[in-house]
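Each protein sequence line maps, in turn, to chains F and Y.
Going by my numbering, the residue at position 16 of the first sequence is 16; the numbering climbs one at a time, nothing skipped.
Going by my numbering, the residue at position 1 of the second sequence is 1; the numbering climbs one at a time, nothing skipped.
Hints may contain errors.
Stated by the list, open to error - Subject to a maximum C-alpha distance of 20 Å in a straight line, what follows is the list of computed DMTMM-like cross-link-like pairs (lysine to aspartate or glutamate): (1) F:K37 - F:D53; (2) F:K66 - Y:E228; (3) F:K77 - F:E39; (4) F:K37 - Y:E99; (5) F:K77 - Y:E228; (6) F:K66 - Y:E99.
The set of hints was computed from the structure by calculation and includes no laboratory data.
Predicted model, so just to flag it, every value in this text is computed and none were measured.
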Amino acid sequence: MRGNRIQLGIAVAIFALLASFSTTPVLYAADPLRIEKNELKEMLGSPSLVIIDARAGRDWTSSEFKIKGAVREEAEKVDQWATKYAKDKTIVIYCA
Amino acid sequence: MPSHLVVLATVLGFLLSPETLVILGTGLGRAGTAFPAALVLCLPVYVFTACKLDFSQAKPLASGPGGFALAGVAACARFGYAVCASAGMLASAGFVVNEVFFYWFPNFLFAHLLLLSLFVLNWRAPVQAPKLMPILAGIAVSAVLLLIGAALWQQEGKEIANRLDLPPGLALCSLATTLFVFTGFDLAAFVRKKNADPPGPRMAIGLGIGCLVLVAWSMATVVWVPMERLSQSTVPHLLAARHILGAPGAAIMGLAAVAAAAAMVNAFFLAIPQMVDQLAGQGSVPPAWASRPALPRFLLAGAVAAMLLSGMAGSPNLEILIRGALLLWILYHGLAHLTRLRRPAEAGPHSIPAKRATSLCHGGAATFLIIGFGAIVSADPDRDQLLAVMAIGVAAAGSAGFVLTRAGRRPGAARDPGALAD
């Protein structure tokens, strides 16, 4: 009985650990610039703002919504679309 | 809990899962009402498959290297789909909860919590876990029926869908994806109690009811949503529900999607020990694996959690893996019918004309499924990757089976890894 409880405890702990990792953002760039949602909300509608929706897989297909005015681009094809946007614009990319 | 109710609920849960509803909605967008018509056309093939092939029995299907290859196809399809589709459906359920119900709740946290809950339920209360199936499938069916009723009742806001002009070849290939809707229903054969009645008739009833509900939902959808929007949407079922009833419609469909996703993952947890047990009975895995039902469940939960953690849910590769597993499943059904064709003269009470008719039906079903398999593969935009994934998966599963059979063969175990019998 005690052994079973220990097994259950270990399993719950493993899943809790996995779940905590899953809510932690994974960053691949050294120091990416980040923007808070309220800050972005205030900028919406500005002609100097370009919002790029780079979600992929289920992050894209399972979601019903996108940020208003966002342009859909594929992250893997960044070389093809990176030059499309003027450098003087504020480009915000979201991927999850 | 009666075993036949669990079988029925599993088939219905499968047919109303978010995966199926997406395939249905996209197919409707591309092929219009021809898609539900094709569903009805496919139904007799799958009813025949359900009634004539007992998937959970351990009788040999083929001997020699062909048997290993076939067992590899079956194992790769079933286990591959269990892991990949679980990860996909849990991720989708997380998004539904986050976007429809609780904006503040992290979607991936919900996916992990649901996985953990179902795993613990199956591990600690294996007798209670099957009771969840009729409840979850009942919620999904009721929610979809409610939306169908609302679609019929409401008059304002209806749109007569315009037909999309697709090239005939592409439209035909879109119709072939109706096979995806039914494929995998035989998982229900592994959720029943051992030595219970043959699951074939219950699975056939489930296929019939599920098909009826899907056809009704299709008709409701095409009346309410323009086909162009359906074909472009990645969540056509939620789009249709919003068109029919607005935000409450999305909530009802969201409830159906989460319930069906939970039903499917629960079905995988219920089925996997019997799937391993079957392989052990054939000598394809060590017998010790079958004596510990918690082990395959733990491995499944771990594999799904690892997929979610590794970011596979956010990768287009997950869809390729899921499609690859489903295609292998279609191929397996087709090949299974072919093996029945090779043995029409087995001893039995049937008369010669009846045997010939059955053999003819097996031949027809095999042809239908294998042509469908070819049509879907040829039209897939990721055809090369898909073929590579299927080849690697079958080779890996076949090799693992071969090695494990040699390493763990026990006296008295069956020597052939195939798994079907009339």
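Cross-check of the supplied hints:
no. : hint           : in the structure
1   : F:K37 - F:D53  : holds (14 Å)
2   : F:K66 - Y:E228 : holds (19 Å)
3   : F:K77 - F:E39  : violated (28 Å)
4   : F:K37 - Y:E99  : holds (16 Å)
5   : F:K77 - Y:E228 : violated (26 Å)
6   : F:K66 - Y:E99  : holds (11 Å)
Hint compliance for this structure: hints 3 and 5 are broken, all remaining hints hold.
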